[in-house]
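Participant: Just need the whole structure built from these sequences, with the hints factored in.
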Amino acid sequence: MTIKTKVSICLPTYKRPDLLIGCIESCFAQTHTNIEIVIGDDSPDDSTERMIAERYGNDKRIAYRRNTPALGQSRNVASLFARATGDKILLIHDDDYLAEHCIERLLAQWQRHPEIQAAFGNQYEVDHDGSIDYASSRHMNHAYHRTPAAAGLQALPGRTGIVQMFPNNGWLADAALVKQISYDEQHAVCCDYVFGVRLCLAARGVCYIDEHVSYYRKTDVSVSQSTRNTTSASSLAAWSFLQGLTLPPALEPARKLAMRRFVPIVVSLYARNNKARAGLNLALANLHAYRYGLSARLYYHLLMICKSARRSKIQPAVMSFETGEAGVDVTPVAQVAQVAQVAPMVDVTRTRVP
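Note that full-length UniProt numbering gives residue 166 to position 166 of the sequence shown, counting from 1, and the numbers run on in steps of one.
Honestly, the hints are just simulated from the structure, not real lab data.
Hints should not be assumed to be uniformly reliable.
[What the hints assert, rightly or not] Within a straight-line C-alpha distance of at most 25 Å, the following computed DSS-like cross-link-like pairs (lysine-lysine) qualify: (1) Lys4 - Lys60; (2) Lys4 - Lys179; (3) Lys307 - Lys256; (4) Lys6 - Lys179.
[As the list claims (entries may be wrong)] What follows is a set of in silico ranges between Cβ atoms, one per label pair, in the way DEER data are often shown: (5) Arg204 - Leu284: 37 to 45 Å; (6) Arg55 - Tyr300: 45 to 53 Å; (7) Arg277 - Arg204: 43 to 51 Å; (8) Pro44 - Gln243: 29 to 37 Å; (9) Leu303 - Ala151: 53 to 61 Å; (10) Thr31 - Ser136: 20 to 28 Å; (11) Ala149 - Pro69: 23 to 31 Å; (12) Ala151 - Tyr299: 23 to 31 Å; (13) Leu284 - Glu25: 51 to 59 Å; (14) Arg277 - Pro44: 41 to 49 Å; (15) Ala70 - Ala108: 31 to 39 Å; (16) Ala149 - Pro44: 58 to 66 Å; (17) Leu294 - Glu211: 19 to 27 Å; (18) Lys4 - Tyr300: 18 to 26 Å.
Computed from a predicted structure; not experimentally measured.
The beta carbon of each residue, even a glycine, is placed where N, CA and C say it ideally should be.
Facilitator: Written out as structure tokens, the structure is:
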């Protein structure tokens with residue numbers, strides 16, 4: 001893989017011109033310089049458009065487009081993929097940014113493993129001002145199964161998507177495959193997760209490097225922060241998608257591992273929303289998620305279920321949006337849209353399922 005490889009950096013943005021500048025500058029700072037930056041702007045005003053014209057109007061590496069009317073997250077990203085002209089595609093959101101060696105280090109994996117079609121690495125978590133939270137970064141990468149022992153060519157590419165090892169952005173992949181999979185409007189509220197799963201399932205090979213290649217910014221306006229303590233539509237849809245996946249037997253353990261993360265969250269939300277019976281049934285049917293009764297979390301959730309059962313006798317069951325454990329609900333696909341209509345509106349520039 002040489003400098004001749006053209007990389008299209010796809011960058012969706014929404015009402016964050018100040019953070020967008022930092023993201024763009026991190027793209028220009030790449031040690032691999034054969035790039036284009038394809039920007040899709042869903043902002044309701046022209047502040048980002050004016051900023052791009054003033055700062056980068058003569059830079060041929062930037063292909064900017066303002067979407068009027070706004071396309072929404074999934075359609076915006078899909079349009080970026082369609083407009084990309086590079087051999088490889090990298091997705092980065094406007095409030096995140098790249099380490100200067102990101103593209104170079106990810107591209108290098110094609111020299112080691114010519115059969116791969118996607119590569120990714122670790123993410124740093126940073127605050128609004130860009131200060132790295134090292135402890136949180138270690139916890140995040142470990143939680144998403146990005147550990148030194150897992151580095152290298154992945155034996156089961158599909159597993160990396162199912163268990164959320166594959167990140168929501170900062171990855172690099174063959175443009176042809178990215179365009180083939182693209183973002184699906186049907187799963188708009190959890191499009192990052194669905195795309196990652198489908199890409200990894202379709203890829204001939206996926207490589208993970210145990211190096212930090214991007215920065216994930218925790219801001220008050222990012223969707224992961226906005227929906228962390230709600231029964232968010234993105235999590236509801238992701239759970240439903242995971243349940244409905246048709247997988248080969250070799251990947252069923254990956255589904256079980258992913259469900260181990262989801263089940264306690266779902267049980268908690270059932271209890272919070274006066275669905276005691278459903279919560280109890282789900283907990284008892286998935287005791288592996290509670291280490292077969294060795295986790296104190298099980299008994300805490302059983303207590304929540306008891307309280308839920310008492311509440312349901314005196315008030316109708318409704319979906320609430322209380323703060324608490326981040327989560328999902330086991331809602332059938334047909335009901336997801338109905339729940340989403342009730343949920344508070346948040347910026348959906350990006351999503352990351354808990």
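Participant: So, for every hint listed, does it hold in this structure?
Facilitator: Each hint, compared with the structure:
no., hint, result
1, Lys4 - Lys60, "17 Å, holds"
2, Lys4 - Lys179, "21 Å, holds"
3, Lys307 - Lys256, "28 Å, violated"
4, Lys6 - Lys179, "15 Å, holds"
5, Arg204 - Leu284: 37 to 45 Å, "40 Å, holds"
6, Arg55 - Tyr300: 45 to 53 Å, "51 Å, holds"
7, Arg277 - Arg204: 43 to 51 Å, "45 Å, holds"
8, Pro44 - Gln243: 29 to 37 Å, "35 Å, holds"
9, Leu303 - Ala151: 53 to 61 Å, "41 Å, violated"
10, Thr31 - Ser136: 20 to 28 Å, "27 Å, holds"
11, Ala149 - Pro69: 23 to 31 Å, "47 Å, violated"
12, Ala151 - Tyr299: 23 to 31 Å, "37 Å, violated"
13, Leu284 - Glu25: 51 to 59 Å, "53 Å, holds"
14, Arg277 - Pro44: 41 to 49 Å, "44 Å, holds"
15, Ala70 - Ala108: 31 to 39 Å, "37 Å, holds"
16, Ala149 - Pro44: 58 to 66 Å, "46 Å, violated"
17, Leu294 - Glu211: 19 to 27 Å, "35 Å, violated"
18, Lys4 - Tyr300: 18 to 26 Å, "57 Å, violated"
Hint compliance for this structure: hints 3, 9, 11, 12, 16, 17 and 18 are broken, all remaining hints hold.
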